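Trainee: Chain residues, written in single-letter form:
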Amino acid sequence: MKKQHLIYISVGAAALIILILFLSSVFIVSEIDQAIVTQFGRPVRVIAGLSSFTDKDAIQKSVDEYSSNSETNIQLSYGAGLYFKIPFIQTVEFFDDRILEYDSEATQVTTSDKKRILIDNFARWKIYDPLRFRQRVTNVFRAQSQLDDIIYSQLRSELGEHELINIVRSTDNILQDEKSTIPEQKLIPVKDGRVVLMERVTERCRKAALEYGILIIDVRIKRADLPDENLQAVYNNMRAERERIATKYREEGNRDSAIIKAETDRTVKTMKAEADRQAQVIQGEADAEAIRIYANGFIKSVTNGPDVIIKGYESDPVFYKFIRSLEALELALDEQTNLLLDTNNDLLRYLNRQTPE
Amino acid sequence: MEDWFEKIPIDIPTRQPLNPKQIRNVISIIVVLAVVFLIFAFKPWFIVDADEMGVVLRLGKFNRVVKPGLHWRLPRPIEIVYTPAVQEVKRIEIGFKTVNPGPPARYLHLPEESEMLTGDENIVVSEMIVQYRITDPVKYLFNVYDSHSTLKDIAEASERQVIGDYAIDAAWTWGREEIEDAILQSIQAIADQYEIGVNILKVQLQDVHPPKPVEPAFLAVQNAREEQSQIINEADAYRNSEIPKAEGDVKKILQEAEAYRAERIAKSKGEVERFSALLNEYQKAPEVTRTRLYLETLEKVLAGKPKVIIGSDQDLFKFFNLSPQGFPSGFQSRQNQEGR
Numbered sequence: 001m002k003k004q005h006l007i008y009i010s011v012g013a014a015a016l017i018i019l020i021l022f023l024s025s026v027f028i029v030s031e032i033d034q035a036i037v038t039q040f041g042r043p044v045r046v047i048a049g050l051s052s053f054t055d056k057d058a059i060q061k062s063v064d065e066y067s068s069n070s071e072t073n074i075q076l077s078y079g080a081g082l083y084f085k086i087p088f089i090q091t092v093e094f095f096d097d098r099i100l101e102y103d104s105e106a107t108q109v110t111t112s113d114k115k116r117i118l119i120d121n122f123a124r125w126k127i128y129d130p131l132r133f134r135q136r137v138t139n140v141f142r143a144q145s146q147l148d149d150i151i152y153s154q155l156r157s158e159l160g161e162h163e164l165i166n167i168v169r170s171t172d173n174i175l176q177d178e179k180s181t182i183p184e185q186k187l188i189p190v191k192d193g194r195v196v197l198m199e200r201v202t203e204r205c206r207k208a209a210l211e212y213g214i215l216i217i218d219v220r221i222k223r224a225d226l227p228d229e230n231l232q233a234v235y236n237n238m239r240a241e242r243e244r245i246a247t248k249y250r251e252e253g254n255r256d257s258a259i260i261k262a263e264t265d266r267t268v269k270t271m272k273a274e275a276d277r278q279a280q281v282i283q284g285e286a287d288a289e290a291i292r293i294y295a296n297g298f299i300k301s302v303t304n305g306p307d308v309i310i311k312g313y314e315s316d317p318v319f320y321k322f323i324r325s326l327e328a329l330e331l332a333l334d335e336q337t338n339l340l341l342d343t344n345n346d347l348l349r350y351l352n353r354q355t356p357e
Numbered sequence: 001m002e003d004w005f006e007k008i009p010i011d012i013p014t015r016q017p018l019n020p021k022q023i024r025n026v027i028s029i030i031v032v033l034a035v036v037f038l039i040f041a042f043k044p045w046f047i048v049d050a051d052e053m054g055v056v057l058r059l060g061k062f063n064r065v066v067k068p069g070l071h072w073r074l075p076r077p078i079e080i081v082y083t084p085a086v087q088e089v090k091r092i093e094i095g096f097k098t099v100n101p102g103p104p105a106r107y108l109h110l111p112e113e114s115e116m117l118t119g120d121e122n123i124v125v126s127e128m129i130v131q132y133r134i135t136d137p138v139k140y141l142f143n144v145y146d147s148h149s150t151l152k153d154i155a156e157a158s159e160r161q162v163i164g165d166y167a168i169d170a171a172w173t174w175g176r177e178e179i180e181d182a183i184l185q186s187i188q189a190i191a192d193q194y195e196i197g198v199n200i201l202k203v204q205l206q207d208v209h210p211p212k213p214v215e216p217a218f219l220a221v222q223n224a225r226e227e228q229s230q231i232i233n234e235a236d237a238y239r240n241s242e243i244p245k246a247e248g249d250v251k252k253i254l255q256e257a258e259a260y261r262a263e264r265i266a267k268s269k270g271e272v273e274r275f276s277a278l279l280n281e282y283q284k285a286p287e288v289t290r291t292r293l294y295l296e297t298l299e300k301v302l303a304g305k306p307k308v309i310i311g312s313d314q315d316l317f318k319f320f321n322l323s324p325q326g327f328p329s330g331f332q333s334r335q336n337q338e339g340r
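Protein sequences appear in the order of chains A and B. Be aware that the first sequence starts at 1, since it is given in our numbering, and climbs by one per residue. Be aware that the second sequence starts at 1, since it is given in our numbering, and climbs by one per residue.
There could be a bad hint or two in this list.
Derived lysine to any residue pairs resembling SDA-like cross-links, with alpha carbons at most 20 Å apart [as the list claims (entries may be wrong)]:
#	chain 1	residue 1	chain 2	residue 2
1	B	90	B	188
2	B	61	B	188
3	B	305	A	342
4	B	267	A	301
5	B	61	A	33
6	A	114	A	161
7	B	269	A	248
8	B	61	A	30
9	B	61	A	50
10	B	139	A	215
11	A	179	B	177
12	B	152	B	188
13	A	207	A	145
14	A	248	A	177
15	B	139	B	88
16	B	267	A	287
17	B	269	A	145
18	A	311	B	269
19	A	114	A	162
20	B	300	A	336
21	A	272	A	262
22	A	114	A	229
23	A	311	A	295
24	B	152	A	103
25	B	284	A	77
26	A	261	B	231
27	A	269	B	242
28	B	212	A	229
29	A	321	B	267
30	B	251	A	282
31	B	212	A	227
32	A	269	B	237
33	A	248	B	188
34	A	300	A	289
35	A	207	A	153
Hints in this document: simulated from the structure, not taken from any laboratory. Keep in mind that this is a model prediction, so the values were computed, not measured.
Chain A extracted, bound-state conformation:
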């Protein structure tokens, strides 16, 4: 009995020890992790993440370099899965395999046209060479200050070479906007522009960060604002610009209105003048026609009968002169006329005579 119990206990203890040994000799590297196995602090195995950003050649190179320097053979593998290590002697350090955040405090930058702007930028980066990262940066928290140093200096030197408008704009899109009311002096084409400029910053930062095992994916400006002390000046400019635009609208209104009215007046005058001209023509024609009729007569068409020829004055000018004179006489001698007559005329001659001549 006593012996049997001891066997149970020792079997149980052995199982427990085996379990502990097993558990401490395996570890899981998840999809979001990379890992380094160290033996008394010395790296012996690197498990690098596998993604589209992975550069196997670069990692291989840095592992080879390390191996030859420290005369140890480092095992290199990629991707998530179950891995083994020597229990107790070897320990595992995990590193994030995802794209990581970097966000800096907003900093003031002076542009080449001596304007100050508050730049709040962010970057996205990942640990692309865990071995080198472990050696030179140690961990993600220390990476932040490393990135601060790299990005801040690059950003500052790059932005300092450009005018404010180059940092705000990316393209010359604004110059093509026909509806815009931007004053001429502001319509300067951009040199590079924000996108190109930030690509350049990213490129430089990337180069500088590679030796830390960090891959900078991109550096972007989140905010580029004017510091409070400059706001007032901008507001004043905006007000002045708005006043200019308002004046422009009013002037355009007055101008358009004047044009419409002037055009109207001109049209009216032209119409009347043309009408007067036509009226003159008509009257002229009428006069000409009348003169013709007076002189030559006309042919009168009679309903239900042959046309009648009406003779004009020209057919007997002497007779016309005679009767026209008689008419004139009739009109000329009105009620107020005092007549002084001698008897030597056709009518009165018979006052003295009784016989016709």
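Based on these hints, arrange chain B on the given structure of chain A.
Mentor: Chain B in isolation, oriented as in the chain A frame:
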């Protein structure tokens, strides 16, 4: 220690000795309980909700994606399950924060997020909403640390970059849709570069307006615009009333001319007709007609007028300082002609 071991075998038989069958029963109960306990402890199933997708890692490695429903899994350290909500339309707010979805909804405005520089160096206040959906849950879960806040950073950077390319007036009027579209394209491009595995559904600029301190100046521009259109409308009204009036005048002038023509011709015809009639008569009996016409006229002319008749004393003309030439010569001469 040894006493304690010895006590157990001694106590049990003395109290109630168990036969082998009873022992087996006890053991089987313990085993069942243990299995049940283990089942609940390791929980070898999981439920994926209708709006979710299940992503399973086996030993840390991506293993499978499963659809909504009940699924089996290996216990905890071997398989790990994530259930991202892939159907859900997620929302990023920039420039404001919904404090209470309401109703009535309450918002907190964040000026440092919403004020930005435009391409003409003005400042505009713009609040924005971005909607997205997870299209690739594996990428969404494993490629980026905190995908949502990463997207927010991207959205903010994109908004400012795009608005920096437009004039302030374009930002709230004619350029708005174009801007929203450009921001969407930009966010999508960067998200694809990071391999976040999302689809940007919509970018909406909520409320684009000038900063408070310069608002009156912008209102003044609006007023000026209204004034402009008003003054132009007035001019249009003037034109619309003047031109018909002129058309009326033109018609009147032409009508008058036509009337003149008709009158003139009618009159000439009338006179000529009368003359023609007289002439016809005259030609039939010239002598008599001429005399008759002459005498009839004299009759009419002399009737009812004060007159002085004198004999053929020429001196009296001299007395009145008149001469026979004072009469129209034609008249005089004809008179003389007729007289003979």
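Trainee: Now tell me, hint by hint, if it's right for this structure.
Mentor: Do the hints match the structure? See the list:
| no. | hint | result |
| --- | --- | --- |
| 1 | B/90 <-> B/188 | holds, 14 Å |
| 2 | B/61 <-> B/188 | violated, 28 Å |
| 3 | B/305 <-> A/342 | holds, 15 Å |
| 4 | B/267 <-> A/301 | holds, 17 Å |
| 5 | B/61 <-> A/33 | holds, 10 Å |
| 6 | A/114 <-> A/161 | holds, 10 Å |
| 7 | B/269 <-> A/248 | violated, 66 Å |
| 8 | B/61 <-> A/30 | holds, 6 Å |
| 9 | B/61 <-> A/50 | holds, 11 Å |
| 10 | B/139 <-> A/215 | holds, 19 Å |
| 11 | A/179 <-> B/177 | holds, 15 Å |
| 12 | B/152 <-> B/188 | holds, 12 Å |
| 13 | A/207 <-> A/145 | holds, 17 Å |
| 14 | A/248 <-> A/177 | holds, 18 Å |
| 15 | B/139 <-> B/88 | holds, 16 Å |
| 16 | B/267 <-> A/287 | holds, 11 Å |
| 17 | B/269 <-> A/145 | violated, 116 Å |
| 18 | A/311 <-> B/269 | holds, 10 Å |
| 19 | A/114 <-> A/162 | holds, 10 Å |
| 20 | B/300 <-> A/336 | holds, 14 Å |
| 21 | A/272 <-> A/262 | holds, 15 Å |
| 22 | A/114 <-> A/229 | holds, 14 Å |
| 23 | A/311 <-> A/295 | holds, 8 Å |
| 24 | B/152 <-> A/103 | holds, 12 Å |
| 25 | B/284 <-> A/77 | violated, 146 Å |
| 26 | A/261 <-> B/231 | holds, 11 Å |
| 27 | A/269 <-> B/242 | holds, 11 Å |
| 28 | B/212 <-> A/229 | holds, 16 Å |
| 29 | A/321 <-> B/267 | holds, 19 Å |
| 30 | B/251 <-> A/282 | holds, 13 Å |
| 31 | B/212 <-> A/227 | holds, 17 Å |
| 32 | A/269 <-> B/237 | holds, 18 Å |
| 33 | A/248 <-> B/188 | violated, 40 Å |
| 34 | A/300 <-> A/289 | holds, 15 Å |
| 35 | A/207 <-> A/153 | holds, 13 Å |
The structure is inconsistent with the numbered hints 2, 7, 17, 25, 33, although it conforms to all the rest.
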